[in-house]
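Taking the hints into account, I'd like the entire structure generated from these sequences.
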Amino acid sequence: MQLAFVESPVQLLNVLEWAHTRPPGHQPRSGRNLPPGQSLPPGPPTPAEGLTVVVLSPTDPLSRGQLRRMAGLARDEGFAVRWQEARGGAGAPLKAVRELAPLLRRAERVVVGDPFSRYVHLLLSLAGAKELTVVDDGTATLEFAAQLARGERLVRWHRRGTGGARERLLAPVSRLARRRLAPAPDRRVEVFTAMPVQPPEGVDVTPNDFGWTRARFGPPTVLPGADLVGTSLVETGVVDPERYADAVHRLAAAHGARRYLAHRRESPDKLQRLARLTGLEIVRPELPLELVARRGPTAATVLSFPSTVVHTLPLALADTPVTVAVCDIAPQWLKDGASPRAEGFLAGITGTARGVRRLPAPA
Numbered sequence: 001m002q003l004a005f006v007e008s009p010v011q012l013l014n015v016l017e018w019a020h021t022r023p024p025g026h027q028p029r030s031g032r033n034l035p036p037g038q039s040l041p042p043g044p045p046t047p048a049e050g051l052t053v054v055v056l057s058p059t060d061p062l063s064r065g066q067l068r069r070m071a072g073l074a075r076d077e078g079f080a081v082r083w084q085e086a087r088g089g090a091g092a093p094l095k096a097v098r099e100l101a102p103l104l105r106r107a108e109r110v111v112v113g114d115p116f117s118r119y120v121h122l123l124l125s126l127a128g129a130k131e132l133t134v135v136d137d138g139t140a141t142l143e144f145a146a147q148l149a150r151g152e153r154l155v156r157w158h159r160r161g162t163g164g165a166r167e168r169l170l171a172p173v174s175r176l177a178r179r180r181l182a183p184a185p186d187r188r189v190e191v192f193t194a195m196p197v198q199p200p201e202g203v204d205v206t207p208n209d210f211g212w213t214r215a216r217f218g219p220p221t222v223l224p225g226a227d228l229v230g231t232s233l234v235e236t237g238v239v240d241p242e243r244y245a246d247a248v249h250r251l252a253a254a255h256g257a258r259r260y261l262a263h264r265r266e267s268p269d270k271l272q273r274l275a276r277l278t279g280l281e282i283v284r285p286e287l288p289l290e291l292v293a294r295r296g297p298t299a300a301t302v303l304s305f306p307s308t309v310v311h312t313l314p315l316a317l318a319d320t321p322v323t324v325a326v327c328d329i330a331p332q333w334l335k336d337g338a339s340p341r342a343e344g345f346l347a348g349i350t351g352t353a354r355g356v357r358r359l360p361a362p363a
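Position 262, counted from 1, in the sequence shown is what full-length UniProt numbering calls 262; the numbers after and before it change by one each time, with no gaps.
Do not take every clue at face value.
Claimed, not checked - Estimated spans, in silico, between C-beta atoms of each pair:
id	residue 1	residue 2	range
1	254	106	53 to 61 Å
2	130	360	46 to 54 Å
3	152	88	31 to 39 Å
4	95	319	40 to 48 Å
5	172	335	26 to 34 Å
6	60	241	47 to 55 Å
7	65	93	46 to 54 Å
8	60	82	14 to 22 Å
9	241	357	44 to 52 Å
10	102	330	31 to 39 Å
11	106	279	50 to 58 Å
12	352	272	32 to 40 Å
13	284	176	33 to 41 Å
14	106	268	23 to 31 Å
Bear in mind the hints are in silico, worked out from the structure with no lab data behind them.
Glycine included, every Cβ here is placed at the ideal spot set by N, Cα and C.
Dropping the structure here:
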């Protein structure tokens, strides 16, 4: 039995990508002619038969909506998907753990999408699987691999300090999860990623080339002009909102951008302001951006600030004429309270991206 735990649409997409790489001989089904909003019809057995995907449902409506649609795609592929209301009230986490504990004890492999998640740490403390796979959760995979190699505790790159009482309470669970996420004589650890990671010795790295996405969807219709990809760096307290709005305005004007593809965590107030300031059409994608771009239509140039998509979109759009361009984050855009690691981490995202065009930060 194999269990996958996901908390975001991107994590579920990458579980499907990981499963696509497993057994040989699986014949992909084409979804290239599907109109937006429709999913694939039921098909042959899945490439990872015996895998159950457990969705640890978040609370925000946009993430839940994208996850519902991704869960539908996974079911269309033949996967068993279990929707777990893991955060719906004070007693929901303990109830979910009790319900999932028997599955965890039987699982031979556990696949996780967010190695920093305290929820995942709690579940890993109950698991005795001999095989552990970590699939991409965006650029966080870079920090996870680096922290694992250095033997550090797992902390998201944009966090400051040591956390509050809750962090201290969960510290023993997190330490145990940290050990479970490291290779051992009786445990194999795999990282499935599109990122240029440098993991510690003993961790297997399997490249994610978005073969499932390219086999199922597209190639897209390519339109003139540019699309601009939004980021949640303002919401996570890294970038000053005024600086960000000005940068979006200047970047859109310089490159003739027409659409702003919002991140699911971006606030409505911020997006309304960007629409008034720039005249851009604000689009709330219903699926991860890799699928949205692959299904199309997509602009000839996709502009982005340092984020996961500067690594993933060139792979998902490898057989198209679309150019992905990344705009640097100027140091003066960072908020005073941003993590000391923020500037170096963002520069590393841009510097290690392959197949993209580099753009200077707007003056």
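Consistency of the hints with the structure:
1. In this structure the supplied range 53 to 61 Å holds for residue 254 paired with residue 106, their Cβ-Cβ distance being about 56 Å.
2. The hint said 46 to 54 Å for the Cβ distance between residue 130 and residue 360, and at roughly 49 Å that hint holds.
3. Hint check: residue 152 to residue 88, Cβ distance near 33 Å, so the stated range 31 to 39 Å holds.
4. Between residue 95 and residue 319 the C-beta distance comes to about 46 Å, which sits within the given range of 40 to 48 Å.
5. Under the hint 26 to 34 Å, the C-beta atoms of residue 172 and residue 335, about 32 Å apart, fit the expected range.
6. Taken as a hint, the range 47 to 55 Å is violated for the pair residue 60 and residue 241, whose Cβ atoms sit roughly 19 Å apart.
7. At roughly 22 Å, the beta-carbon separation of residue 65 and residue 93 lies outside the given 46 to 54 Å, and the hint is violated.
8. About 20 Å separates the C-beta atoms of residue 60 and residue 82, a value consistent with the hinted range of 14 to 22 Å.
9. The hinted window of 44 to 52 Å between residue 241 and residue 357 is violated, with their beta carbons roughly 26 Å apart.
10. As the Cβ distance of residue 102 to residue 330 is approximately 52 Å, the hint placing it in 31 to 39 Å is violated.
11. Taken as a hint, the range 50 to 58 Å holds for the pair residue 106 and residue 279, whose Cβ atoms sit roughly 55 Å apart.
12. Residue 352 and residue 272 have their C-beta atoms about 34 Å apart, which keeps the hinted 32 to 40 Å range intact.
13. Range check, residue 284 to residue 176: Cβ separation about 38 Å, and the 33 to 41 Å hint holds.
14. As the Cβ distance of residue 106 to residue 268 is approximately 43 Å, the hint placing it in 23 to 31 Å is violated.
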